[in-house]
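K.L.:
Given only the sequences and the hints, what does the whole structure look like? Please build it.
For the record, the sequence lines run as chains A and B.
Residues are numbered in the numbering used here as their position in the first sequence, beginning at 1, plus a constant of 3.
Residues are numbered in the numbering used here as their position in the second sequence, beginning at 1, plus a constant of 54.
Hints listed in this document are in silico derivations from the structure and should not be mistaken for laboratory results.
Be aware that a few hints might be false.
Keeping only pairs whose Cα atoms sit at most 25 Å apart, straight-line, the calculated SDA-like set for lysine to any residue is [what the hints assert, rightly or not]:
| # | chain 1 | residue 1 | chain 2 | residue 2 |
| --- | --- | --- | --- | --- |
| 1 | A | Lys56 | A | Tyr270 |
| 2 | A | Lys10 | B | Thr149 |
| 3 | B | Lys124 | A | Glu201 |
| 4 | B | Lys148 | A | Met26 |
| 5 | A | Lys288 | B | Glu159 |
| 6 | A | Lys288 | B | Thr109 |
| 7 | A | Lys250 | A | Ile164 |
| 8 | A | Lys14 | B | Leu145 |
| 9 | B | Lys174 | B | Thr242 |
| 10 | A | Lys56 | A | Lys10 |
| 11 | A | Lys288 | B | Ser126 |
| 12 | B | Lys124 | A | Ile164 |
| 13 | A | Lys130 | A | Gln146 |
| 14 | B | Lys124 | B | Gln112 |
Partial list, derived from the structure: chain A residues whose beta carbon lies under 7 Å from chain B [to be verified]:
| # | residue |
| --- | --- |
| 15 | Lys5 |
| 16 | Thr8 |
| 17 | Ile49 |
| 18 | Ala197 |
| 19 | Glu201 |
| 20 | Ile204 |
| 21 | Phe207 |
| 22 | Ala210 |
| 23 | Ser257 |
| 24 | Val259 |
Everything numeric in this text was worked out from a predicted model, so none of it was measured.
No residue lacks a Cβ here, since even glycine has one placed at the ideal position from N, Cα and C.
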Amino acid sequence: MKLRTLKYFFKEALQSLFRNSWMSVASIGAVASALIILGAFLMLAINVDYIAKDVESQVEITAYLKDGLNQLQVDFLKKQIQNMEEVSEFKFVSKEEAFEEFKKQVGPELLEGIENPLPNSFRIKVKTPKDVVSVAEKIKALQGIEEVKYGKGIVEKLFKITYWMRVIGIAVMLAFAALSVFIISNTIRITVFARRREIQIMKFIGATDWFVRWPFFIEGMILGLIGSIIAILILAVSYNYFYNTIKFNLPMISLVPVQLFYSYLPYFGLMGMFLGALGSGFSLKRFLKV
Amino acid sequence: MIEMYNVTKIYSGGHIALQDITVKIQKGEFVFIVGPSGAGKSTFIKLLIREEVPTNGQIFFNGKNITRMKHSQVPFLRRRIGVVFQDFRLLPQKTVYENVAFAMEVIEAPLREIKKRVPKVLEMVGLSHKINAKPHELSGGEQQRVSLARALVNNPDVIIADEPTGNLDPDTSWEIMKLLNEINMNGTTLIVATHAKDIVNAMRKRVLQLDSGKLVRDEERGVY
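P.N.:
Laid out in structure tokens, this is it:
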């Protein structure tokens with residue numbers, strides 16, 4: 004493509020933007036609001052995800068050993084569990100350590116003179132939280148394990164909730180993306196319609212489809228980009244406010260850090276441009292069939 | 055140069071616009087297409103510039119079968135054809151110069167060539183003095199000259215004119231026809247669909263007469 008042609012495309016796109024200035028403002032507003040809603044949802048979704056992951060990662064399996072195992076048997080168990088692929092962290096807690104911990108919690112005076120009733124145990128964390136149940140079952144089946152605890156029920160429920168949060172989140176995001184495309188394509192359709200004579204003439208002169216298309220694509224992308232910049236600014240400011248408010252009032256909830264949320268925002272610019280281009284592509288289709 | 059073999063066009067509503075047309079037009083010819091409204095003149099032209107595809111039959115342009123042409127190839131066919139319409143179809147916000155230059159910009163001609171070629175073509179059609187005027191400041195005849203200049207600017211093999219004098223008074227019509235004749239003298243093939251009986255009778259060119267979609271007459275040096 005020649006530089007002059009490129010210049011022509013941008014000139015045409017900008018001219019059309021300013022010529023239909025009120026329509027441009029309306030569509031920028033539409034893109035911005037669609038992306039803000041999308042962003043607000045993203046904000047919610049990634050936070051639920053983050054909190055869920057946080058809770059998930061705290062889930063650990065405690066496996067109690069039978070009493071009276073010799074060192075060799077304990078070492079063998081250790082090896083078996085450590086060799087499981089799903090296991091990420093592994094800690095042996097001896098009878099004595101467990102008793103010390105217990106003493107600390109209850110107060111040493113109370114347990115004076117009582118013989119240690121606690122068994123040896125392993126504390127195990129898994130790489131992916133959804134493996135908790137299967138790993139627990141596997142460990143339970145090993146020789147020399149008395150009992151396995153992992154917060155049964157709670158873990159499964161949590162996984163179900165986060166699974167549905169993700170599914171619904173993706174569905175809603177797709178719906179809003181489709182809505183944005185629809186709004187942009189309607190806006191571009193109006194400019195295309197206003198210039199249908201021009202397009203017709205271009206086609207008769209022998210312009211290729213892409214020559215006709217580019218200015219509208221650029222117009223759509225500019226609309227999408229400006230809309231997304233507005234959305235990004237509003238989202239950035241409001242997340243910062245939201246984060247600080249929650250952190251101050253509900254410090255036990257761990258939210259996605261502001262910086263991490265900001266790192267998602269540049270994609271909104273790309274998404275705005277993509278939606279703009281897609282919208283203008285849809286609205287042009289009919290007019291190119293000359 | 056243009057060959058049609060058994061071309062039939064039936065529109066989706068069932069209307070038969072053209073029926074079994076076979077005709078050859080040689081390079082350098084001047085051909086009038088005459089006939090009452092609805093006889094199929096417009097469809098004939100639409101098929102040539104591939105705005106429509108025939109229901110049956112084949113059309114060749116410079117030996118190339120344009121009925122089997124890919125959509126992406128159509129622009130390159132149209133660059134070999136200059137089209138002139140009854141309603142001029144100029145871009146109202148562009149000047150005379152820009153309207154003509156636009157046809158060259160669209161095919162990405164070099165700027166140097168555009169600057170050289172556009173004034174030359176405007177001189178040919180006698181509009182050198184109106185180069186910076188907008189279409190609405192021009193008379194109908196002048197507007198048609200601009201559209202003719204635009205059709206000519208890329209040196210097409212053929213110029214197709216659909217009722218080029220339909221919106222013009224008799225004197226102006228004559229001027230446009232003389233201009234078309236001059237262009238034809240310079241070697242460009244011309245196909246003109248028209249109602250202008252007097253002009254056709256006076257010019258004594260080849261006449262194709264259509265009636266209800268059929269080619270009823272093909273006469274050298276014919277009359278209306």
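K.L.:
The structure should be examined with respect to each hint, and the outcome stated for every one.
P.N.:
Verification of the supplied hints:
Our distance criterion of 25 Å between C-alpha atoms is met by lysine 56 (chain A) and tyrosine 270 (chain A), whose separation comes to about 23 Å. The hinted pair formed by lysine 10 (chain A) and threonine 149 (chain B) meets the criterion: a straight-line CA distance of about 19 Å does not exceed 25 Å. Our distance criterion of 25 Å between C-alpha atoms is met by lysine 124 (chain B) and glutamate 201 (chain A), whose separation comes to about 23 Å. Distance hint between lysine 148 (chain B) and methionine 26 (chain A) is fulfilled; the C-alpha atoms sit about 23 Å from each other, no more than 25 Å.
Restraint check: the Cα-Cα separation between lysine 288 (chain A) and glutamate 159 (chain B) comes to about 23 Å, which is no more than 25 Å; the hinted pair holds. Taking the CA atoms of lysine 288 (chain A) and threonine 109 (chain B), the gap is about 23 Å. The hint holds against a cut of 25 Å. Between lysine 250 (chain A) and isoleucine 164 (chain A) the CA atoms are separated by roughly 24 Å; this keeps the pair inside 25 Å, and the hint holds. Note on lysine 14 (chain A) and leucine 145 (chain B): the hinted pairing holds, with a Cα-Cα distance of about 16 Å set against a maximum of 25 Å.
Distance check on the hinted pair: lysine 174 (chain B) and threonine 242 (chain B) sit about 17 Å apart at the alpha-carbon level, within 25 Å; holds. A hinted pair counts as satisfied when its Cα atoms are at most 25 Å apart, and lysine 56 (chain A) with lysine 10 (chain A) does not qualify at roughly 49 Å. Annotation: proposed proximity of lysine 288 (chain A) to serine 126 (chain B) holds, straight-line Cα distance about 14 Å (limit 25 Å). Restraint check for lysine 124 (chain B) and isoleucine 164 (chain A): not satisfied, since their Cα atoms lie roughly 53 Å apart, outside the 25 Å limit.
For a cut-off of 25 Å, the pair hint linking lysine 130 (chain A) to glutamine 146 (chain A) stands: about 24 Å separates their Cα positions. Among the hinted pairs, lysine 124 (chain B) with glutamine 112 (chain B) is consistent with the structure: their alpha-carbon atoms are about 15 Å apart, no more than 25 Å. With a least beta-carbon distance of about 6 Å to chain B, the hint placing lysine 5 (chain A) at the interface is held under the 7 Å criterion. Annotation: interface hint on threonine 8 (chain A) holds; nearest CB of chain B at approximately 6 Å, less than 7 Å.
Interface hint at isoleucine 49 (chain A): violated, since its Cβ lies 43 Å from the closest Cβ of chain B, which is beyond the 7 Å cut-off. The interface hint given for alanine 197 (chain A) is violated, since its Cβ lies 12 Å from the closest Cβ of chain B, which is over the 7 Å cut-off. The interface hint given for glutamate 201 (chain A) holds, since its Cβ lies 6 Å from the closest Cβ of chain B, which is under the 7 Å cut-off. Evaluation of the isoleucine 204 (chain A) hint against chain B yields a held restraint, the C-beta minimum of about 5 Å falling below 7 Å.
Evaluation of the phenylalanine 207 (chain A) hint against chain B yields a held restraint, the C-beta minimum of about 5 Å falling below 7 Å. With a cut of 7 Å, the hint placing alanine 210 (chain A) at the interface with chain B holds, because the nearest CB-to-CB distance is about 4 Å. Proximity of serine 257 (chain A) to chain B is violated relative to the hint, the smallest CB-CB distance being about 55 Å (cut-off 7 Å). Residue-level restraint check for valine 259 (chain A) is violated (minimum Cβ-Cβ distance to chain B is 47 Å; threshold 7 Å).
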